[in-house]
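Visitor: Assemble the whole structure, with the sequences as input and the hints as a guide.
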Amino acid sequence: MPTARLANSVLGSFRASSFRPALWRQRCLYHSYEYSQPAPFPPAESAILSSAIAHVPNYGFTLDALKLGARDAGYLDVSTNLLPRGVFDLVNYHLVMQRLALKDSVQFPAEGGQGNGKKLGIGAKVRTLTLSRLRANEPIIHRWQEALAIMAQPSYISPSLAELAKLADEIWFLAGDTSVDTSWYTKRASLSTIYSATEVFMTQDKSKNFAETEQFLDARLEEVTKVGGFLQAFGEWADFTGHSAVNVLRSKGLRI
Amino acid sequence: MNAQIPRQLLRRQLLVGGKRRLAGDVSRGFSSSVRQTQQQTVPPKIPRDAPATTHFGFETVAEALKEQKVGAVFSSVASSYDTMNDLMSLGIHRLWKDHFVRNLNPGRNPLTSPPSSEQGWNILDIAGGTGDIAFRMLDHASTINNDAHTRVTVADINVDMLAEGKKRALQSPYARTPRLKFVEANAEKLDMIPDSSIDLYTVAFGIRNFTHKDAAIREAYRVLKPGGVFACLEFSKVNNPLFDAVYKRWSFSAIPLIGQLVASDRDSYQYLVESIEKFPSQTEFRDMIRKAGFLVPGQGWEDLTGGIAAIHKGVKPAK
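So the protein lines, in turn, are chains A and B.
When we follow numbering that gives the first Met the number 0, the leftmost residue of the first sequence carries the number 0, and every step to the right adds one.
When we follow numbering that gives the first Met the number 0, the leftmost residue of the second sequence carries the number 0, and every step to the right adds one.
These are computed hints drawn from the structure, not numbers from a lab.
No experiment lies behind these values; they were computed from the predicted model shown.
Ideal placement from N, C-alpha and C gives every residue a C-beta, glycine not left out.
Careful, some of the hints might be misleading.
What the hints assert, rightly or not - Straight-line alpha carbon distances no greater than 20 Å define the calculated DMTMM-like cross-link-like pairs of lysine to aspartate or glutamate that follow:
| # | chain 1 | residue 1 | chain 2 | residue 2 |
| --- | --- | --- | --- | --- |
| 1 | A | Lys102 | A | Glu137 |
| 2 | A | Lys225 | A | Glu213 |
| 3 | B | Lys180 | B | Glu117 |
| 4 | B | Lys290 | A | Glu44 |
| 5 | B | Lys318 | A | Asp71 |
| 6 | B | Lys224 | A | Glu33 |
To be verified - Cβ pair distances, simulated, as ranges:
| # | chain 1 | residue 1 | chain 2 | residue 2 | range |
| --- | --- | --- | --- | --- | --- |
| 7 | A | Glu221 | B | Pro225 | 49 to 57 Å |
| 8 | B | Asp190 | A | Ser131 | 55 to 63 Å |
| 9 | A | Pro41 | B | Ser280 | 20 to 28 Å |
| 10 | B | Asp138 | A | Ser157 | 32 to 40 Å |
| 11 | A | Lys205 | B | Asp194 | 23 to 31 Å |
Guide: Below is the structure:
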């Protein structure tokens with residue numbers, strides 16, 4: 000497996016700067032096995048945000064939750080000015096922390112271990128990881144629509160989408176995907192759409208233990224496999240038909 | 000370069016200071032106007048062992064003189080301060096100030112915050128003589144956060160500006176209430192303010208005129224409670240070169256002219272635009288705030304109207 004892998008977002012991944020060694024300390028654009036990632040938030044911000052997250056189930060993603068968090072962390076109401084984007088920083092904190100928690104919360108049986116029965120396919124791993132990430136929203140699911148509304152504000156759309164891209168990338172990476180062709184993009188794009196659709200579905204889900212969300216996710220994943228399979232089959236058919244047509248015309252003496 | 004520094008150190012400090020200032024001027028040359036270039040070619044008039052100097056607009060004056068000269072400028076503009084601000088900024092300064100206050104969101108909402116001994120914020124508004132920021136803070140706290148306890152201390156070094164503020168306070172609901180207080184004070188020596196007693200320290204369009212900006216920031220650090228916020232609204236550097244050219248044209252030709260016509264005081268407004276030009280850039284000022292021990296949120300500042308003004312913030316660490 001490669002030690003360093005391009006990741007981050009679809010747009011940012013091919014920038015040459017991601018290879019520059021000086022840059023990785025500030026923003027790691029790839030997954031590295033050798034270096035530990037720097038802490039995602041500075042200590043003071045982290046202290047305020049982590050205490051504020053505890054107030055989200057009661058107060059929602061609001062300034063009040065932030066202020067209470069600041070109080071708990073030994074700061075003042077006014078210290079919430081440390082977070083320039085206000086409540087979006089709280090939402091962002093949840094997104095980043097849950098994404099990073101994914102690699103510890105889901106453990107697959109050792110890679111390449113023999114005699115362990117059947118090996119989990121990449122598709123199954125993606126499903127497990129996606130479900131696990133969705134389950135991380137459970138404690139705050141009744142407040143998640145507020146967060147979606149905040150993320151949909153014009154100035155926060157692009158950082159939210161970037162975070163979604165990072166999540167999709169993280170899931171594919173943890174599932175052990177090593178594709179280096181155009182499917183790298185299509186895999187991440189399709190998982191992003193499925194994840195966001197399922198997340199919205201989950202906010203309305205009243206079923207026990209979110210069984211319907213699970214069904215919804217399975218249905219979407221199956222659709223993607225079907226569509227993907229169809230596209231592949233169609234491609235092969237078109238390729239074959241095209242070549243045959245050219246060959247038939249050549250056999251008639253046409254110079255192609 | 001500091002009044003508190005012992006005598007024997009002063010001379011060495013002066014020499015270093017002189018060199019540093021020269022270097023500073025050179026590095027700033029590319030963005031400066033023709034006038035400044037001319038200024039640089041003039042040989043320094045100050046002899047080597049003169050008292051510490053600083054800049055007053057594009058002039059170099061003795062440090063002791065700057066306070067006095069700035070005082071004279073603001074005494075002369077106090078009465079027409081508001082009209083002139085509107086004319087010079089085309090009314091935009093009101094939007095900046097509104098945004099500044101709304102963004103800080105002063106006041107403690109008694110409905111959502113847990114009951115505790117303290118009520119309201121203790122705000123110190125430095126160089127806020129005419130009360131522009133103070134009234135906005137109190138209005139925001141009362142109407143948005145239903146907080147009738149937040150109080151503002153307006154401090155200014157200039158009595159004429161304070162008199163203007165007191166006059167305007169009479170028309171506000173806060174006159175003769177404990178929520179609004181006027182104090183004559185030098186931002187570099189806030190002896191009447193105890194350590195760690197202020198929630199929010201604001202200075203809007205004032206820090207540019209201070210003789211020792213770093214001393215003022217250190218003093219802010221002292222009076223703020225742990226977790227308290229230093230917030231500064233000040234003119235800054237325009238980012239877009241094209242817009243910068245237009246802005247320079249406006250500030251160096253139109254503003255002194257408006258000053259002459261409306262306030263019949265060209266020199267004061269000439270000083271104003273020169274002092275804006277001399278003020279450190281966003282990154283330099285952010286580093287000054289950091290150096291005093293503050294944590295800066297995000298990149299440390301927020302540009303307003305393409306960088307004509309910027310809001311800088313610093314948070315005093317809790318431990």
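Visitor: Are B/Lys180 and B/Glu117 close enough, with their CA atoms no more than 20 Å apart?
Guide: Holds - the C-alpha atoms of B/Glu117 and B/Lys180 are around 19 Å apart, at most 20 Å.
Visitor: Go ahead and decide if the range 23 to 31 Å is satisfied by the Cβ distance of A/Lys205 to B/Asp194.
Guide: Violated: the Cβ-Cβ distance is about 55 Å, outside 23 to 31 Å.
Visitor: Holds or violated: B/Lys318 with A/Asp71, Cα cutoff 20 Å?
Guide: holds, 14 Å
Visitor: Need the status of pair A/Lys102, A/Glu137: alpha-carbon distance at most 20 Å?
Guide: Between A/Lys102 and A/Glu137 the Cα gap is close to 18 Å, so the pair holds against 20 Å.
Visitor: Could you see if the CB distance from B/Asp138 to A/Ser157 stays within 32 to 40 Å?
Guide: For B/Asp138 and A/Ser157 the Cβ distance comes to about 34 Å; the hint holds.
Visitor: For A/Lys225 and A/Glu213, compute the direct alpha-carbon distance and say whether it is at most 20 Å.
Guide: Holds: A/Lys225 and A/Glu213 sit about 18 Å apart, inside 20 Å.
Visitor: Please check whether A/Glu221 and B/Pro225 have a Cβ separation lying inside 49 to 57 Å.
Guide: holds, 55 Å
Visitor: B/Lys224 and A/Glu33 were given as a pair; does the straight-line alpha-carbon distance stay at or below 20 Å?
Guide: With Cα atoms ~42 Å apart, B/Lys224 and A/Glu33 exceed 20 Å; violated.
Visitor: Against the 20 Å threshold, does the CA-CA distance of B/Lys290 and A/Glu44 hold or violate the hint?
Guide: Distance ~19 Å between B/Lys290 and A/Glu44 Cα, so the pair holds.
Visitor: Range hint 55 to 63 Å: satisfied by the CB atoms of B/Asp190 and A/Ser131?
Guide: holds, 59 Å
Visitor: Can you let me know if the beta-carbon spacing of A/Pro41 and B/Ser280 is within 20 to 28 Å?
Guide: Cβ of A/Pro41 to Cβ of B/Ser280: about 23 Å, so the range 20 to 28 Å holds.
Violated hints for the displayed structure, listed by number in ascending order: 6, 11.
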